[in-house]
Amino acid sequence: DVKVTQSSRYLVKRTGEKVFLECVQDMDHENMFWYRQDPGLGLRLIYFSYDVKMKEKGDIPEGYSVSREKKERFSLILESASTNQTSMYLCASSWPGPTDTQYFGPGTRLTVL
Amino acid sequence: GENVEQHPSTLSVQEGDSAVIKCTYSDSASNYFPWYKQELGKRPQLIIDIRSNVGEKKDQRIAVTLNKTAKHFSLHITETQPEDSAVYFCAASNYGQNFVFGPGTRLSVLP
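Protein chains in written order, with this note's numbering: chain A, 1 to 113; chain B, 1001 to 1111.
Worth flagging that the hints you see were computed from the coordinates, not collected in a lab.
Among the clues, some could well be false.
Lysine-lysine pairs mimicking BS3-like chemistry, simulated, CA-CA at most 27 Å apart [to be verified]: (1) A:K55 with A:K3; (2) B:K1037 with A:K3; (3) A:K71 with B:K1042; (4) B:K1058 with B:K1037; (5) A:K57 with B:K1071; (6) B:K1042 with B:K1068; (7) A:K3 with B:K1042; (8) B:K1042 with A:K57.
If we take Cβ atoms under 7 Å as the criterion, some of the chain A residues that face chain B in the derived model are [stated by the list, open to error]: (9) L41; (10) L43; (11) G63; (12) S67; (13) P106.
Here are a few chain B residues that sit away from chain A, every Cβ distance over 12 Å (derived from the structure) [claimed, not checked]: (14) L1011; (15) S1028; (16) K1058; (17) A1063; (18) K1071; (19) Q1081; (20) S1085; (21) S1093.
All residues carry an ideal CB built from backbone N, CA and C; glycine is no exception.
Start from the sequences, fold in the hints, and give me the full structure.
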């Protein structure tokens, strides 16, 4: 059974704090993705990775960075959290094929005060 | 880059009626179009997908149609049930590497 897990379901941080969101998949997927989900805006891609130590910017990378040291783990980092980064963050993974399904984690609702 | 629009943003139907959600995309190179369903408080899950070499695909009460010329694709749900109430997202992808999602449609099925 496909499994994507995220380190926290709910997180509250203060402005200026460094925030780590972790995602782990157990399906040996090559691709991993980080999205943020906001009402009326759908899912917007922050960063993605096709392989270990590889990363590509998505549509809204500003204020974020990522790390992929191991195949199964993809971390999203907010270097200095701001209130406009309050959102639901979803991780996903997929095989590298041309039409492969993305499997999502349960999401982390981050609130920055 | 790719841009995906989705309509309507909200949809209410009576139980047993049909629901149709339509998406348009801008990049003619997109060739894969999945639909995800997200129930309240849960993760998005794939419900059906279609590839650009197919015009229509059906899975029980759910069907998706694709018009490549017009660059739009639609989700059709027949005989709706209360458990179909959720937010539905369409997406477009070029070779599966980068999905662009629509803003979502909140479907409410009224008993």
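request  = Take the C-alpha atoms of A:K57 and B:K1071, compute the straight-line distance between them, and say whether it is at most 27 Å.
outcome  = holds, 26 Å
message = Given a cut of 7 Å on the nearest C-beta pair, is the interface hint for A:L41 held or broken against chain B?
response = Hint holds; A:L41 Cβ to chain B Cβ min 6 Å, cut 7 Å.
task = Have a go at the A:P106 hint: is there a Cβ in chain B nearer than 7 Å to its own Cβ?
result = Check passed: Cβ of A:P106 comes within 5 Å of chain B, closer than 7 Å.
ask   = Is the nearest Cβ of chain A still more than 12 Å from the Cβ of B:Q1081?
value = holds, 23 Å
ask   = Holds or violated: are the alpha carbons of A:K3 and B:K1042 at most 27 Å from each other?
value = holds, 14 Å
task = Evaluate the condition: distance from the CB of B:S1028 to the nearest CB of chain A exceeds 12 Å.
result = holds, 16 Å
key: Distance rule for B:K1071, whose beta carbon must clear each one in chain A by more than 12 Å   = The assertion about B:K1071 holds, with a minimum of 18 Å to chain A.
inquiry  = If we take the beta carbon of B:A1063, is the closest beta carbon in chain A still more than 12 Å away?
reply    = holds, 18 Å
inquiry  = Please check whether A:G63 passes as an interface residue: C-beta within 7 Å of a C-beta belonging to chain B.
reply    = This interface hint is violated because 20 Å lies over the 7 Å limit.
task = Take the C-alpha atoms of A:K55 and A:K3, compute the straight-line distance between them, and say whether it is at most 27 Å.
result = Holds. A:K55 to A:K3 sits at ~22 Å (cutoff 27 Å).
inquiry  = Against the 27 Å threshold, does the CA-CA distance of B:K1037 and A:K3 hold or violate the hint?
reply    = holds, 17 Å
key: 12 Å cut-off, C-beta based - B:S1093 kept clear of every residue in chain A   = violated, 7 Å
When the structure is compared with the earlier hints, violations turn up for hints 6, 11, 12 and 21 and for no others.
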